[in-house]
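The chain contents come next:
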Amino acid sequence: MLKIVGYPDRFSVRPGETIRFMVSSELSAPYRVDFVRIVHGDVNPDGPGFKEIRVDGPTSGSYPSRFQAIHPGSCAVVADNPKLAGLSSFQVQAMIWPTLPARGEQGLIAKWSPDRGGFALVIDETGAPALRVADGSGGVNTISSSTPLIAREWYRIVASFDATTNTVIVTQLPLFDHPLVSAKARVEERIDITPQLDNGAPMTIGAWFERAEGARVITAGHYDGKIDAPRLLRRPLSEPETEALAAAASHHLRATSFASPVAALVADIVAAWDFSQEIESTRVCDVSANRLDGDIHNLPTRAVKGHTWTGEEMNWRHRPEQYGAIHFHHDDLYDAEWKPDFDLTVPTDWRSGSYAARLTCGEYEEHVPFFVIPSRGKPTAKLAFLVPTASYMAYANEHLLMTGEAAAGLGRLAVFTARDMYVNEHREIGYSLYDYHADGSGVCYSSRLRPIINMRPKYQFGAGMTGSSLHQYNADTHILDWLEAMGHDYDVITDEDLHDEGMTLLSDYHVVMTGTHPEYYSTAMLDALHAFKHQGGRLIYMGGNGFYWRIAFHRDLPGVIEVRRAEGGIRTWIAEPGEYHHSFTGEYGGMWLRQGRPPQTLSGVGFTAQGFDLSAPYKPTPDSQDPRAAFIFEGIAEGALIGDSGLVGGAAGGFELDRADRRHGTPPHALVLATTMGGHTDTYLVVPEELHITAANITGTSSPLVRADMVFFETPGGGAVFSTGSIAFAGSLSPNEYRNNASRVIDNVVRRFLDKTAFVAP
Amino acid sequence: MYDPAQDWLDGYEISDPDGRLVEEFRARPMGFHSAELQRVLLKMQIDPRCPNYVLFCRTPHKEWLIGRMAPRAGDPILLEEDRVFASVEDAEWAVFQRRWMLLTGEAIA
Numbered sequence: 001m002l003k004i005v006g007y008p009d010r011f012s013v014r015p016g017e018t019i020r021f022m023v024s025s026e027l028s029a030p031y032r033v034d035f036v037r038i039v040h041g042d043v044n045p046d047g048p049g050f051k052e053i054r055v056d057g058p059t060s061g062s063y064p065s066r067f068q069a070i071h072p073g074s075c076a077v078v079a080d081n082p083k084l085a086g087l088s089s090f091q092v093q094a095m096i097w098p099t100l101p102a103r104g105e106q107g108l109i110a111k112w113s114p115d116r117g118g119f120a121l122v123i124d125e126t127g128a129p130a131l132r133v134a135d136g137s138g139g140v141n142t143i144s145s146s147t148p149l150i151a152r153e154w155y156r157i158v159a160s161f162d163a164t165t166n167t168v169i170v171t172q173l174p175l176f177d178h179p180l181v182s183a184k185a186r187v188e189e190r191i192d193i194t195p196q197l198d199n200g201a202p203m204t205i206g207a208w209f210e211r212a213e214g215a216r217v218i219t220a221g222h223y224d225g226k227i228d229a230p231r232l233l234r235r236p237l238s239e240p241e242t243e244a245l246a247a248a249a250s251h252h253l254r255a256t257s258f259a260s261p262v263a264a265l266v267a268d269i270v271a272a273w274d275f276s277q278e279i280e281s282t283r284v285c286d287v288s289a290n291r292l293d294g295d296i297h298n299l300p301t302r303a304v305k306g307h308t309w310t311g312e313e314m315n316w317r318h319r320p321e322q323y324g325a326i327h328f329h330h331d332d333l334y335d336a337e338w339k340p341d342f343d344l345t346v347p348t349d350w351r352s353g354s355y356a357a358r359l360t361c362g363e364y365e366e367h368v369p370f371f372v373i374p375s376r377g378k379p380t381a382k383l384a385f386l387v388p389t390a391s392y393m394a395y396a397n398e399h400l401l402m403t404g405e406a407a408a409g410l411g412r413l414a415v416f417t418a419r420d421m422y423v424n425e426h427r428e429i430g431y432s433l434y435d436y437h438a439d440g441s442g443v444c445y446s447s448r449l450r451p452i453i454n455m456r457p458k459y460q461f462g463a464g465m466t467g468s469s470l471h472q473y474n475a476d477t478h479i480l481d482w483l484e485a486m487g488h489d490y491d492v493i494t495d496e497d498l499h500d501e502g503m504t505l506l507s508d509y510h511v512v513m514t515g516t517h518p519e520y521y522s523t524a525m526l527d528a529l530h531a532f533k534h535q536g537g538r539l540i541y542m543g544g545n546g547f548y549w550r551i552a553f554h555r556d557l558p559g560v561i562e563v564r565r566a567e568g569g570i571r572t573w574i575a576e577p578g579e580y581h582h583s584f585t586g587e588y589g590g591m592w593l594r595q596g597r598p599p600q601t602l603s604g605v606g607f608t609a610q611g612f613d614l615s616a617p618y619k620p621t622p623d624s625q626d627p628r629a630a631f632i633f634e635g636i637a638e639g640a641l642i643g644d645s646g647l648v649g650g651a652a653g654g655f656e657l658d659r660a661d662r663r664h665g666t667p668p669h670a671l672v673l674a675t676t677m678g679g680h681t682d683t684y685l686v687v688p689e690e691l692h693i694t695a696a697n698i699t700g701t702s703s704p705l706v707r708a709d710m711v712f713f714e715t716p717g718g719g720a721v722f723s724t725g726s727i728a729f730a731g732s733l734s735p736n737e738y739r740n741n742a743s744r745v746i747d748n749v750v751r752r753f754l755d756k757t758a759f760v761a762p
Numbered sequence: 763m764y765d766p767a768q769d770w771l772d773g774y775e776i777s778d779p780d781g782r783l784v785e786e787f788r789a790r791p792m793g794f795h796s797a798e799l800q801r802v803l804l805k806m807q808i809d810p811r812c813p814n815y816v817l818f819c820r821t822p823h824k825e826w827l828i829g830r831m832a833p834r835a836g837d838p839i840l841l842e843e844d845r846v847f848a849s850v851e852d853a854e855w856a857v858f859q860r861r862w863m864l865l866t867g868e869a870i871a
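Protein sequence lines correspond, in order, to chains A and B. Under my numbering, the first sequence has 383 at position 383, and the numbering climbs by one with no breaks. In my numbering, each number is its position in the second sequence, counted from 1, plus 762.
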């Protein structure tokens, strides 16, 4: 099991810039830090073996071990304010849609200090709403509705304290009253203490305050479910008043000269948070005159349907008032917020490449990867390897295989390692975009500001084919190793750089080479690659299932992406109806295929099938004889198989496969040079977006859609595109000391693509 | 609410009077399989009577153990540390033997 883990504050860094590293060590002895350049992360004895090159770093050395905790769980926090602290009587109310009401105590809305009193509207141990009040001198009363909430039903929850009578009232009202189900409740109780709201604690929504660590607020009692329209008043309202307030839109809660059905209550409103405002931000807005705005912590899900959603509108931007809910999860995590342990100002003589801070202590070792990209506007090579860091983030700490459902699709047993054990047992490190929260909702945000246990050299993936069994980060080292072995100079650049800088980042390169599985693309990233292709650039797509999902980056928060698994595709979870638009940008989410921009329009091929056992070689097609393709097959015997050996599944075509398809936008002049069709086992299945009706002929031996196509075509401006269409391909580059047909094909392509002589379209 | 799926059992019944399917799997645990062996393997993966077996690679490319996922998410994988396999294929065969016994009552060697 791992004892040292860490993460950097960024993935890419330029010479002269500083990157910081956060580390948590369960050991007592100091650990050593060395910086290494990662060349080949695959430990398979049948391949070239693990290769890292130690480089002198100014901050190499010994560092003391210290444990750093992670505090998962999302909430909204509103700083303490005299308007809150000065309350004696109060009423708190919200619409809630609990998802795990029986999980244990959870905070809904609180101004609570563990030792200085306050109030907390909670779901109690029995799953019923309750108001807990404390006087700060040890007196605590909890008044429960004693009627457990039903999961995934909307309720109005109202709790009040009347200081003149020392009476607490708690009511719950289901929005939809199912016959024969007793879900309503009202309890009224006199208590013998006075809640102390002047407690120094912030107001919290979706949790309660536990302690402060400097400026950082540590919360506990995190809630699973949605909260909509939380409101706080300075006195208990009558039932008709409460009813009127609940029915009022947020613009009716402002003190204006315009007519409002609740004008008489406006002066009693302390705060009325409207979560439909500033959805793209980290703010929660109080629409009352007090403006007790707050911030969300650990990225709860926004742009989710509120209790007023009618089903008529699918885009939150059109009717934001119907998207007034936030979905909180006790297992949300954006930023582990560890303290930095060491940093590195990248020496100017370090070459661009894939690096890691290597942490060692006795038998324990951890690599914390980062990428040194060239100085702005000063590329050091003509070829850029585009590191698919967005896809690494998408799969960060993936738990999917740990469910029986996913494992049943493999056709063999999942193979875990100590790293997977850690991921399984340390749920606090957060989830990937493939996972479910504990409450069954899909995880739509993933950040890199936390240890990513499966994005490491030497890591073996539990479903990554026979042989090397690699995926994403470590699989991509097959390409880095090949570039070095073949003597090709290269820079590395990352997805986040591409998103931030667009075509500017690419304009000085002749060739952009992708990783093995560049699956997640923001609009800006995709636009940049299209622009590159259309301005004479040469694109070598070295993978499978690329350019597939649309993602969004957050406007304000670094290092986090969002996916909405809308409409189709291999979806381990499915976005809820009405929630297909990203909260970060408002863009329609899902597959690029479903948005009129199929992968074939960029790379000539797009995702068609996947399997997890063996790979198949490519057979040349008649198109391989076309004179336009002669440079690709130079030195290869006519009709010879391409990639008939390999570290990933034993051949070049495997794992996830892409095919050419005119209907999906493969250019009409594209050459389909070779294909793996007919070579795949029946564990390979056609992707669901190609299945218009359910049918049995979707397997490797029964469907022509199960294949990887190798494609070449010229582009406007003298550029060109070459695509392998297979994740496994890179594993076929190194056999026989890199002297094999797969390696030769890629070498031929790289050499010609580096030659500035324009490609002439046929 | 009653969930009929809780009573579901795979309706396929394994029958291999001449041992052909067992031999086919033993010879090639992963790769191209006959349609009938595929159906047996599917049953082994989905039948609720079979535990959720996984493999644990203790030493990369050298040592594998058989494990089972714990019923509750996040609990440690239950490892059988007393038996170490030298290949994935050997471990797959051992799990196949167990599942065969569970589903047919017959031991295969």
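The hints are simulated quantities; they were obtained by calculation from the structure and are not laboratory data. Heads up, some of the hints might be wrong.
[To be verified] With a cut-off of at most 25 Å between alpha-carbon atoms, the simulated DMTMM-like pairs for lysine to aspartate or glutamate come out as follows:
hint	chain 1	residue 1	chain 2	residue 2
1	B	K824	A	E576
2	A	K3	B	E843
3	A	K3	B	D837
4	A	K51	B	D837
5	A	K184	A	D439
6	A	K378	A	E278
The structure presented is a predicted model; accordingly, all values stated were derived computationally and were not measured.
Item to check | Satisfaction of hint between D837 (chain B) and K3 (chain A), Cα-Cα up to 25 Å | outcome: This hinted pair holds, its Cα atoms lying about 18 Å apart.
Checklist entry - Under the criterion that the straight-line Cα-Cα distance not exceed 25 Å, is the pair K51 (chain A), D837 (chain B) satisfied? => result 34 Å, violated
Checklist entry - Taking 25 Å as the top limit, are the C-alpha atoms of K824 (chain B) and E576 (chain A) close enough? => result 44 Å, violated
Next on the checklist: What's the verdict on K378 (chain A) and E278 (chain A), does the C-alpha distance respect the 25 Å limit or exceed it?
Outcome noted: At roughly 38 Å apart (the allowed maximum being 25 Å), E278 (chain A) and K378 (chain A) break the hint.
Checklist entry - Given the hinted pair K184 (chain A) and D439 (chain A), is their alpha-carbon gap at most 25 Å? => result 23 Å, holds
Checklist entry - Is the straight-line distance between the alpha-carbon of K3 (chain A) and that of E843 (chain B) 25 Å or less? => result Roughly 21 Å separates the two Cα atoms, so the pair holds.
Of the hints listed earlier, those the structure fails to meet are numbers 1, 4, 6, in rising order.
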